[in-house]
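Can you build the whole structure from these sequences, using the hints too?
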Amino acid sequence: MPETGSIEIKDLTVRYRNKIALDGVSLSIPAKGIYAIIGPANSGKTTLLKSINRTIESEAGVSVKGQIFIDGRNTKRIRDIYELRRRIGMVFPLPVGLPLSIYDNVAYAPRIAGKHARSELDEIVERSLRQAALWDEVKDRLKSLGTMLSGGQQQRLTIARALSHDPEILCLDEFSIAVDPVTTMRIEDVLVELKNKMTIILVTNLVQQARRLGDLTCFMNMGKVVQVDETEKMFSDNPGNQLTYDYVHGVFG
Amino acid sequence: MKNHGNTKNLFAATELINKKLRAQRIVKWIFGLMSVAILIPLVGLTTCLIIRAWPSLTWDFLTDVPKQGMRSGGIWSALVGTMYTVTFSLLVAVPVGVMAGIYLNEYARDNWFTRIVNLAVVNLAGVPSIVHALFGLGAFVVFAGLGKSILSASLTLAIMTLPVIIVSTKEALLAVPLTFRMACWNLGASRWQTIRTIVLPNSIGGILTGIILQVCRAAGETAPIMFTGAVFYKAVQRGDLFPYKPTEQFMALSYHLHTISTQVPGVPESMLYATAVVLLGFVLAFNTIAIVLRTRIRNRKKW
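Line by line, the protein sequences are chains D and A. Under this note's numbering, the letters of the first sequence match residues 1 to 253, in that order. Under this note's numbering, the letters of the second sequence match residues 254 to 556, in that order.
Rather than coming from a laboratory, the hints here were simulated on the basis of the structure. Just so it is clear, the structure is predicted and the values come from calculations on it, not from any experiment. Be aware that one or more of the hints could be misleading.
Claimed, not checked - For each label pair, taking beta carbons as the anchor points, the in silico distance ranges come out as: (1) D/V192 with A/A361: 39 to 47 Å; (2) A/A276 with D/K19: 43 to 51 Å; (3) A/R449 with D/N74: 26 to 34 Å; (4) A/A265 with D/A41: 41 to 49 Å; (5) A/W307 with D/G151: 57 to 65 Å; (6) A/T500 with D/A117: 48 to 56 Å; (7) D/K65 with A/S288: 51 to 59 Å; (8) D/D71 with A/A428: 34 to 42 Å; (9) A/A290 with D/D136: 31 to 39 Å.
Unchecked claim - Here are the simulated lysine-lysine pairs, BS3-like style, with alpha carbons at most 25 Å apart: (10) D/K65 with D/K76; (11) D/K32 with D/K76; (12) D/K139 with A/K555; (13) D/K143 with A/K555; (14) D/K76 with D/K224; (15) D/K32 with D/K224.
From the three backbone atoms N, C-alpha and C, an ideal C-beta is built for every residue, glycine too.
Structure (structure tokens):
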């Protein structure tokens, strides 16, 4: 029985009409820990995340082939995809505060899942906002609109929202784009704490961030996996693959 | 340093700049004049109507029934008839139109079927009201056997307003950014949960505005009802709120105005104008509600 939070991707091919976004990707992401994914633009990183929670299927003209197993269960066979999505926290590069109060933003997913007890929601909201390093800034105005926060704050709100339903898997897609360096470091500290509790997939353009945080690092290029290895080895002087070496050392990309 | 002499004249007016500024002034004035110009007919029409209608504009005129072959009395019978048809037509058109709009915008995938439906809706919105009238006559009065009645007229009005309600519902939903929906889906919300919690609360104002504008249209159109149930005269008690059964023929404001201005000789002029003022007042009142709604919603814009 695989541990909760493990992901097994088998021969995943995703096409947008005529364009191939993922080309036969097979990955084995172990439970717990931080799995960093790096690669230049257009390498299929975001598509990979969207395939994991199956939101890719609602996009027009997409065809998905191959299988993804979460905790050994084929995600294609899961009837309640909403349950699947609740077990996966998603954070995308552009922050989206829902047009609700800060409190309601974070309480959204728990409420959808049928939790309505005020005390329970209060606790979830505070815990999630603390984990996203946003609590201190907003604790006195939880009733104001989430959409009126600054870009960086909205991004942390998105992270709080993703953590609100206690996911087994947390996918972060270039979360630090809209966040200042100090806050980024605070969130990174949180991620290091969280990785004992959940599997974190960290897609990042900042190779140094992958180096700091990743237990394993995966390098993708043009919809294919180039190399997966211990982060230390990937960033060493001899990763075993010339393309990897060139990318992490800034020779190309 | 050698360009020193030129920097002084860097912001000096050249022929090109003068020309640009002149064009900008002229264009601004023309556009502004046009905006004022559209007010002239509206203000002129309303004041002219009200002045001529003034002697007849009394509370009695609203609540009394037509007397002496419509040459005196009021317009109660027609006013109630119009309210009936408008209400019944909305009861049909709003649920169908709003739900269809939600389906087309939120659920339907982009395929040949939805493209045909969308095309049909847009084309239906452009069909002249007289064609709707003939369709109503054939479909409801004759084929469905409802006869000339409030029901037939209301259903005809419903068919006429439906496409515009669908289109305005879709537009209102489209104004809610897709990213909100995606954020909800990522949190495990189903489509319906997303619509209920995020999409509808933020588009309801636009949807209502579209509906209200169709109220005005349903109240004002004459052709669709005169083929399907509106009559020249019907005896009604003064102030009676339920004078017609749904299966009966009825009097309506727009048709009443038509008949007393063209079919009945010797109607006092002020009564004609007063009837027009009531019809116009009906429309303006609903338009005002729509405007107030829109402004209030714009003021609490959430993103």
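Hint by hint, here is what the structure shows:
no.	hint	result
1	D/V192 with A/A361: 39 to 47 Å	holds, 45 Å
2	A/A276 with D/K19: 43 to 51 Å	holds, 46 Å
3	A/R449 with D/N74: 26 to 34 Å	holds, 30 Å
4	A/A265 with D/A41: 41 to 49 Å	holds, 47 Å
5	A/W307 with D/G151: 57 to 65 Å	holds, 60 Å
6	A/T500 with D/A117: 48 to 56 Å	holds, 53 Å
7	D/K65 with A/S288: 51 to 59 Å	holds, 58 Å
8	D/D71 with A/A428: 34 to 42 Å	holds, 40 Å
9	A/A290 with D/D136: 31 to 39 Å	violated, 58 Å
10	D/K65 with D/K76	holds, 10 Å
11	D/K32 with D/K76	holds, 23 Å
12	D/K139 with A/K555	holds, 20 Å
13	D/K143 with A/K555	holds, 13 Å
14	D/K76 with D/K224	holds, 22 Å
15	D/K32 with D/K224	holds, 24 Å
Consistency note: the structure conflicts with earlier hint 9 alone.
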